[in-house]
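Participant: Listed below, chain by chain, are the residues.
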Amino acid sequence: MLNFSRWAIAAILLPLVIGILCAVPSFLPDTTVERLPHFMQTRVNLGLDLSGGSHLLLEASTQDVAKQRLANMEEQVRTELRRGDPRIAIGDISSRDGKLSFMVRDPSQVDAAVERIRPLTQGAGLTGQRDFNVEVVNSSTVVITPTSAGIDNAVKGAMEVATEVIRKRIDEMGTREPTIQQQGDNRIVVQVPGLQNPKALKDLLGQTAKLEFKLVDTTASPAEVAQGRAPVGSEVLPYPTNPSGVPMIAVKRQVMVSGEDLTDATQGYDQNNQAIVNIRFNGSGGRKFGQVTSQNVNRPFAIILDGRVLSAPNINEPILGGSAQISGSFTVESANQLAIALRSGKLPVALTVVEERTVGPQLGADSIRAGLLASIIAVVAVAVFMFVSYGRFGMYANLAVAINVLVILGVMGMLGATLTLPGIAGFVLTIGTAVDANVLIYERIREERRRGRGVVQAIEFGYKEASRTIFEANVTHAIAGGIMLALGSGPVKGFAIVLLIGIATSVFTAVTFTRLLASRWLRAKRPTEIHI
Amino acid sequence: MKLLKLVPDNTNIGFVKLRHWAFALTALLTVLAVGATAYRGLNLGVDFVGGLMIEAKFSAPPQLDRVRSTIDRLGVGDGSLQQFGDPKTVQIRLPLPEQGGAGAANAIVEKARKAMAAEFPGVTFSRYDTVSGKVSGELIQNGVLAVMLAVIGIAIFSWFRYEWQFGVSTFVAIMHDVLMTLGFFAITQLEFDLNIVAAVLTIVGYSINDKMVIDDRIRENMRKYRKMDMKSLIDLSVNETLPRTVMTSVTIMLALGALLLFGGHVLRGFTAAMMLGIVVGTYSSVYVSSSLLITLGLSPQIAERKASKTSIADRAERMGPRDDGARP
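Protein sequence lines, in the order shown, are assigned to chains A and B.
Its first residue numbered 1, the first sequence is counted upward by one per residue in the working numbering.
Its first residue numbered 1001, the second sequence is counted upward by one per residue in the working numbering.
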């Protein structure tokens, strides 16, 4: 039990040395670490509560996705049946309760209509399910119902695109090391360390960036528009900066050019030194834009972003060549944000912030300092206490604790784990509980000595009997830690990571490592009496 | 050098003797804790009720009344103020607007920032959290689920490892610890947030640690002294492990004390909960879980039946003569 072979000693010391080496980069300045080879860049990441920064949890509404899909389906059905050949006349199109239904005017064409709609649906799921079910009710009404597999698929696809779009937008902002992750079915976590003002970020993420150009309906009477009514083929949209004073405007439903045809968007200034956004269309978009503006000289058109009219300038001359500028009441910052949003593409679904945590850099720095100070004082206090209680053996335990702290940091570095403020609390607690293992052993040794066992036998017995208890106590402790890790969010998780790593390493350092130290001492000195 | 011994050798304190009194006291305190939690409720943080929390740091200790009136003038709903940590830091809590989502919350923060800056030059918002009602509901659910699963998981572990009595007594004792912690937060009205859930789970972890050590010793003694009656056996086990119990509590208290005094205001509630938990957990190891073993009818004969399944050699080693008190 107390005899260690050369190999055993190496096997004990090697992981400890590796662990300590992995902890070293965490103490070096950034510039030094960057010069190290990649496998040595094992640093502990600081959580947002320590580094300062913003944590945002964004949620997409699945209902929104479903609604949009249904609207797209409606558009497809219209195009296919009305414009296709032969034409099938339909009426009473409605999308209520999440279903799309319409009536085929000529009952003999119902089967033909269904035949032509079926190819519009797509496979979803594994069991040959489609994303929409098409059925005929009352012999002339066709009902198209989205299947749950279809909705799930659509949400999944939308979330993937949304995550990518958000990544692009944040990268364009030039912030460093953002974390962007999908969480669950319809959520995205965004963490940006060191961000001073998350407002700009949130505004940017909140934008769907669906850009459209539509003609203004000049035939609509201002009184009707003010009441929200528009002529057939037009719709009333909010226009907060309308110079006429009414915050609404009527525009034609038909889209002249949409944001999909954009190739570039940059922030610039107009002749009055007002901030604007310069945009450039691709070939077909440029041609469409040129064509419509040629036909509508001296009429206004509306620039619509996310269903709100930004500005409604007059077309003074045909805009050929595929570039245009968007003016509105922009500041340089908001113009730049819009340019970023337009460049990175539109979000397939609107996202709302359901949770936000922002920590200023000052508080973060204070927390690190306080946490460090508390840890040092805790270590010193515990070390002194252990020494006055157990003498030489107390020092062994202290050495084990010191190594343990470094190894925990090293393991966290290797795993790329994040150290948070509750994590520091976990550290301090680990220091406290790590010595518990030693206390158990030493108290047992004292007991065995009292019972009359010899020095070597008492130590041997103490380690052996206490090891069982230590194992059991730590397994149960690990159960609690594991559950925290699995279910916890935010601070709970940060705490659990340190706790679990600490349990694993402390058993090793407190039991195996101190046993090695004790056995070396016993063999060298062969004491007949021990002070414990 | 004379080494420090907090607990003298070979104590023989009659813990079990007092158990009826202790049971009564425990029951009373538990009822009080549950009552306080039910009656006064917990001061739930924005993590659990949703809303907006702003931590404002002033250049000089502000008059709370002036801060309150500044916030009231914003017209964004009923706010609540709390001095937080040092006198220069004030925590402001506001309800989230029902509509408008992120943009509206943003607007409130900006509005508050402007109004406060005008009234108190040099004020900064060092931290702010916004949690929507939906997310806070999930956080509550996960928190409760985590604590329940931890308690049940641990109880099952000690049931399989030992006799069922250990599982039941551990379960009861840990529930007692959790309820006491909740009661503490209900009475002090300290803010109960996600950090505190971590603290509660750690208390559960520590408390179980403590119970395992004593249970393990009870098991060992049950095999050693088959004829001893359960009461003296538990007294013996608790006394034998007493030095360790005291030593460990003191070291952890030292570590937590450092955290309480120097760890910064963000962790103060967390640390307070932990310190209470250590006291409660240590108490319940002796007076709830161990005493309950007697009530549940555990006796060395039961252990013997189970122990006979293990190898003879294993048993033999533990059957040495009792030589307590013999000095080398």
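Wrong hints could be hidden among the right ones.
[What the hints assert, rightly or not] Straight-line Cα separation of at most 16 Å, EDC-like style, residue types lysine to aspartate or glutamate; simulated pairs: (1) A:Lys67 x A:Asp152; (2) A:Lys199 x B:Glu1119; (3) A:Lys199 x B:Asp1129.
Because the hints were derived from the structure by calculation, they are not lab data.
Participant: Look at each hint and say if it fits the structure.
Facilitator: Do the hints match the structure? See the list:
1. For a cut-off of 16 Å, the pair hint linking Lys67 (chain A) to Asp152 (chain A) stands: about 13 Å separates their Cα positions.
2. The straight-line distance between the Cα atoms of Lys199 (chain A) and Glu1119 (chain B) is roughly 22 Å, outside the 16 Å bound, and the hint therefore fails.
3. The straight-line distance between the Cα atoms of Lys199 (chain A) and Asp1129 (chain B) is roughly 13 Å, inside the 16 Å bound, and the hint therefore holds.
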